[in-house]
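A.B. asks: What follows is each chain in one-letter form.
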Amino acid sequence: MENNNRRDFLKKGLTALGAASVVPMLDSCSDKHSNTEKIKVLSPEGKVMEVDKSSVAKLGNFGDYAVREGIPGKKFVMVIDLARCQNAKKCVSSCNKNHLIQTPNEWLKVYSMKDTEDSAPYWQPTTCQHCDKPPCVKVCPVDATFKRQDGIVLIDNDRCIGCRFCMAACPYSTRVFNWGESIPEIEIDSLMMGHHHSPETSVPAQKGTVDKCDFCPDMLAKGELPHCVTACPNSVFYFGDMYEDVVTTGTETVRLSEILEKRAGYRLMEDLGTNPSVYYLPPVDRLFEYEEGLENYEEFKEENAE
Amino acid sequence: MTEEKIIADLEPRKFGKLGMIWTIVLVIISALGIYSYIKQFNNGLEVTGLRDYAFWGIYISNFVFFVAISLVGSLVTAILRLSGAKWTVPLTRISEIIAVASIVMAGLTIIVDMGRPDRIWHLFAYGRLQSPIMWDVIVITTYLVISVMLLYYPLLPDFAILKDKFTGSPFLKKWYGKLSLNWRGTPGQRKIHTNAIQVLSVMIIPVAFGIHTVTSWLFATTYRPGWDSTNFGAYFVSGAFVVGAGGVIAAMYLLRRAYKLEEYITDDLFDKMGKVLAMLCLLYLYFNINEYLVPAYKLKKEEEHHIFGMLFGHYAPIFWSAIIGGLILPILVVVTPRGRKPLPLFIISVIVVIAAWWKRFLIVTPTLLHPFMPMQGIPENWTEYHPSYDEWAITIGTLAMALLIITALVRFLPIIPIEEYIEHINEKKDEK
Chain A
1 MENNNRRDFL KKGLTALGAA SVVPMLDSCS DKHSNTEKIK VLSPEGKVME
51 VDKSSVAKLG NFGDYAVREG IPGKKFVMVI DLARCQNAKK CVSSCNKNHL
101 IQTPNEWLKV YSMKDTEDSA PYWQPTTCQH CDKPPCVKVC PVDATFKRQD
151 GIVLIDNDRC IGCRFCMAAC PYSTRVFNWG ESIPEIEIDS LMMGHHHSPE
201 TSVPAQKGTV DKCDFCPDML AKGELPHCVT ACPNSVFYFG DMYEDVVTTG
251 TETVRLSEIL EKRAGYRLME DLGTNPSVYY LPPVDRLFEY EEGLENYEEF
301 KEENAE
Chain B
1001 MTEEKIIADL EPRKFGKLGM IWTIVLVIIS ALGIYSYIKQ FNNGLEVTGL
1051 RDYAFWGIYI SNFVFFVAIS LVGSLVTAIL RLSGAKWTVP LTRISEIIAV
1101 ASIVMAGLTI IVDMGRPDRI WHLFAYGRLQ SPIMWDVIVI TTYLVISVML
1151 LYYPLLPDFA ILKDKFTGSP FLKKWYGKLS LNWRGTPGQR KIHTNAIQVL
1201 SVMIIPVAFG IHTVTSWLFA TTYRPGWDST NFGAYFVSGA FVVGAGGVIA
1251 AMYLLRRAYK LEEYITDDLF DKMGKVLAML CLLYLYFNIN EYLVPAYKLK
1301 KEEEHHIFGM LFGHYAPIFW SAIIGGLILP ILVVVTPRGR KPLPLFIISV
1351 IVVIAAWWKR FLIVTPTLLH PFMPMQGIPE NWTEYHPSYD EWAITIGTLA
1401 MALLIITALV RFLPIIPIEE YIEHINEKKD EK
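Protein chains in written order, with my numbering: chain A, 1 to 306; chain B, 1001 to 1432.
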């Protein structure tokens, strides 16, 4: 069933105009209940087409799926366009807000990078790379951090023993540790509104355990984009499904393979063989001067500052 | 020496004034450590100086130190025993006591480092074999069991002797009797006993190499500069034998002074252990050269920061003190016969042990402060590592507890194997 969906989708190569929803899929069973109502969709080539509404399955609401196993038939990827980043840090604040993160425990960091002495500096938003060969998962002694079939690497904070071996193994320094109790328990209760901790939300932070960017699987399950993607004013982040070969910023949808080829996409520390799920587009033909981002840049900050 | 004199000399004795002060001081230091640990248990690891970059610190280096020094048990009781070096007889019990005490403390130290010690049972409920931490759990437990057996089995005949001839408290005498497990020294018992010790001595060698090699893999299985080394296993094991030999020499000297055992722990024994120490230092020096020279020659970008920081930068004072004090100095002093006299050898050994502790600090911390990604957007003090008071109190507390375990075992066990020593003396007589 899942395979059929995908094949049909790829054959027709259609993408809906929907803004926040990831990508609607064509329903393979469409013939059985054809409906004359039409819907406008956008093909990856950029053409607007009209198709039967019933032939487009609304994506999202994956229903019940095992949180540890992930959403079947998906392989989530992110593409970060460095040419568009001005260090506005809206991604960081949205991520912090939605995951109840207190600074300086950010899961998402925007680094000021400079590859060589003579090359120009640029801003690099850095999330968890959700590696396909995750060194962190390999070393976890209790299966607290795990890799799902949809490519997402998560942490079960109810399982984590706090040995921090995963932090040692991760070359991207993407993991943070909850050294103490960051939010008082009473506050957590009201913030959580009756929800329990789940690896899907990674909220609230648990003292003595490791946290990191989780690609917002709770949003994905609802058919929505991760918080950083929607928060970015400059459409730096593309997010999508590698199997569908489509990624979207929410307003702009492109073929993954094409954009990686055309813009010479790359991954961080490719030579380590970790196979990240996050691709970067090099900072050429930039929309902003590097210096514009400096006003938001703090090399070092106060501990526990709001 | 007659048997009676040997037994009278070697039976466990009450502590004098100095012994009592020593014990009380250790108890106080341990108690301070426990107090700080309770604080850490309640408030989390935020009471330490550890933060997101330096997320491993003196707890982990202290753990590596304990594992390292525990290898002395296998060195003296197994490797030297199997190689036919009979002169080690008076040292076997001391080294096995050090091994047991430090491996117990290694286990506790690693729990101290855990963010969620309340979840230690997860290791057994959800343990996954592909994690080097699980290998460490398995091999350290195995080593502890074999070490305890290697401590206990040779004690059986001694307990039987003490059951009859102990002059101290009748209560202890009764317990020695119980612990002797009906040892009567029949030929059948002796045969099983000798075979068992022989088998354990052979078994403990691969396990001993295992504990420290696996401990080195906790680092070497990562990508980080300074850890990403195929030399790490051999480097760790050779270093462990150095600190182990240093530890046993220091203990020999102190026990000889405290119990007036000059006839048993002879100058000749120091001379021999001094030679062993010199050999081990040379071996460790060789692996050190491998460990630093090869990356320093290539100077890959990340390695460059790490190595220069070590050789000339922030960590240079500790690095050179550890290398000179822990390696160069012992080699220079101990190669001369005068350097192998008890007192100079004792001083060198203490320096070796202290340098070894700091060497392990250097293995853990500088690497973590040289990550691949830039350290930005964090509080500035996260880019350094300064252990907090509580962290020091806990770490020094664990060291004191190790010494306390050793002290307790020394108080209640014959520190030189009585029966084995009598045999050893008789064999010597026969040879003459």
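Hints should not be assumed to be uniformly reliable.
[Said to hold, decoys possible] Distance ranges between label pairs, derived from CB positions:
#1 H196/A with L1172/B: 52 to 60 Å
#2 E298/A with N1043/B: 48 to 56 Å
#3 H1314/B with A83/A: 31 to 39 Å
Worth flagging that the hints you see were computed from the coordinates, not collected in a lab.
Here a beta-carbon is modelled for each residue, glycine too, at the ideal position from N, C-alpha and C.
A.B. asks: Now tell me if each hint is right for this structure.
C.D. replies: Against the structure, the hints:
1. Taking 52 to 60 Å as the suggested C-beta distance range, the pair H196/A and L1172/B conforms, at roughly 56 Å.
2. E298/A and N1043/B have their C-beta atoms about 27 Å apart, which leaves the hinted 48 to 56 Å range violated.
3. Distance hint for H1314/B and A83/A: a CB-CB separation of about 37 Å, consistent with the stated range 31 to 39 Å.
When held up to the earlier numbered hints, the structure conflicts with hint 2 and nothing else.
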